[in-house]
Amino acid sequence: MEFSHDRSGDTLVVNASGRVDGSNASDFLESLQGMFEPGDQKIILDLGGLEYISSAGLRVLLMAAQNLDKQNKSFSICSLTEAVGDVFRISGFDQIINVFPSVADAKQG
Amino acid sequence: MQRSLHIPHPPERDHPSDVLPRIEDMLNEMAEAEGWPITLTMRANLILEELVLNTLTYGDTSGLTEIDLKLEYQDHALTIRLIDDGSPFNPLTDAPEPDVTLPLAERPIGGLGVYLVRTMGEELEYRREDGRNRLKLVVHPES
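Protein sequences appear in the order of chains A and B.
The opening position of the first sequence corresponds to residue 1 in my numbering, with each subsequent residue numbered one higher.
The opening position of the second sequence corresponds to residue 1 in my numbering, with each subsequent residue numbered one higher.
Among these hints, one or two may not hold up.
Residues of chain A placed beyond 10 Å of chain B at every Cβ, according to the derived structure [to be verified]:
hint, residue
1, Glu30
2, Glu37
3, Ser76
4, Lys107
5, Gly109
Here are the computed distance ranges between Cβ atoms for each label pair [said to hold, decoys possible]:
hint, chain 1, residue 1, chain 2, residue 2, range
6, B, Asp25, A, Gln33, 24 to 34 Å
7, A, Gln41, B, Glu29, 39 to 49 Å
8, B, Glu66, A, Gly48, 37 to 47 Å
Hint data in this document are derived by calculation from the structure and do not stem from the laboratory.
In this text, a Cβ means the ideal position worked out from N, Cα and C, and glycines have one as well.
Required output: the full structure, derived from the provided sequences and hints.
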């Protein structure tokens with residue numbers, strides 16, 4: 001997996017691309033958490049470059065969403081590819097995590 | 001088109017998840033040759049990862065020596081056959097059904113893998129025969 005992030009004001013946009021599976025899900029969680037700073041109020045995860053996600057990766061997203069929710073921070077995901085969107089729909093994740101078509105939509109939402 | 005994969009146990013390499021690139025390569029080869037929709041490749045990969053890692057890492061794996069995977073693509077559907085000599089495990093009945101309607105704060109972290117297999121897989125059949133788990137399921141690009 002590859003990561004990059006972009007912070008402006010209290011909004012953090014994280015780009016995660018590649019594949020997240022049982023071999024690297026714990027690295028994914030560590031990398032994500034390492035990017036959060038106390039001042040971040042709105043966290044947007046751009047998954048436009050994510051090719052594959054298994055339940056191990058979904059677990060990481062669920063943990064991150066629950067942690068940020070507890071801290072009353074906003075967490076959303078955007079730019080899902082067709083295949084990742086299919087997994088989100090079937091797992092019901094699109095019902096519990098805010099999903100937007102693009103980063104711009106997520107910033108407004 | 002048919003492909004098969006033999007996975008020995010204990011793993012010949014360091015970690016159970018080292019098998020994942022072999023699964024990915026096999027699926028990519030089939031997907032490319034047969035022009036699979038991207039959702040079929042994703043679903044098949046996810047299902048195989050869940051089933052194989054479950055077998056390799058959960059419960060009592062002391063008697064497990066091998067997993068045999070057989071894939072057959074025909075008429076826009078992929079049939080997966082998985083045979084292993086590990087301890088009895090029926091993914092249709094031996095794992096609790098997670099409540100996917102729970103709100104975020106109450107969603108349990110685990111239990112999702114087998115649920116996705118049961119939801120993305122169709123015509124699931126399991127039997128225990130000759131000391132082996134025999135699982136068959138069919139994957140379609142959409143549901």
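| query | With d taken as the least Cβ-Cβ distance between Lys107/A and chain B, does d exceed 10 Å? | reply | 21 Å, holds
| field | Nearest-CB test (10 Å) between chain B and Gly109/A | value | The assertion about Gly109/A holds, with a minimum of 16 Å to chain B.
| query | Beyond 10 Å from chain B, beta-carbon-wise, is Ser76/A? | reply | Holds, since 12 Å exceeds 10 Å.
| query | Falls inside 39 to 49 Å, the C-beta gap from Gln41/A to Glu29/B? | reply | With a Cβ separation near 46 Å, Gln41/A and Glu29/B satisfy 39 to 49 Å, so the hint holds.
| Is it true that Glu66/B and Gly48/A lie within 37 to 47 Å of each other by Cβ? | 39 Å, holds
| Assertion that Glu37/A lies farther than 10 Å from chain B (Cβ) | 22 Å, holds
| message | Does Glu30/A clear chain B by more than 10 Å, comparing its Cβ with all Cβ atoms of that chain? | response | Holds: least Cβ distance 16 Å, greater than 10 Å.
| message | Within 24 to 34 Å: is that where the Cβ-Cβ distance between Asp25/B and Gln33/A falls? | response | 31 Å, holds
Comparing the model with each numbered hint stated earlier shows that all of them hold.
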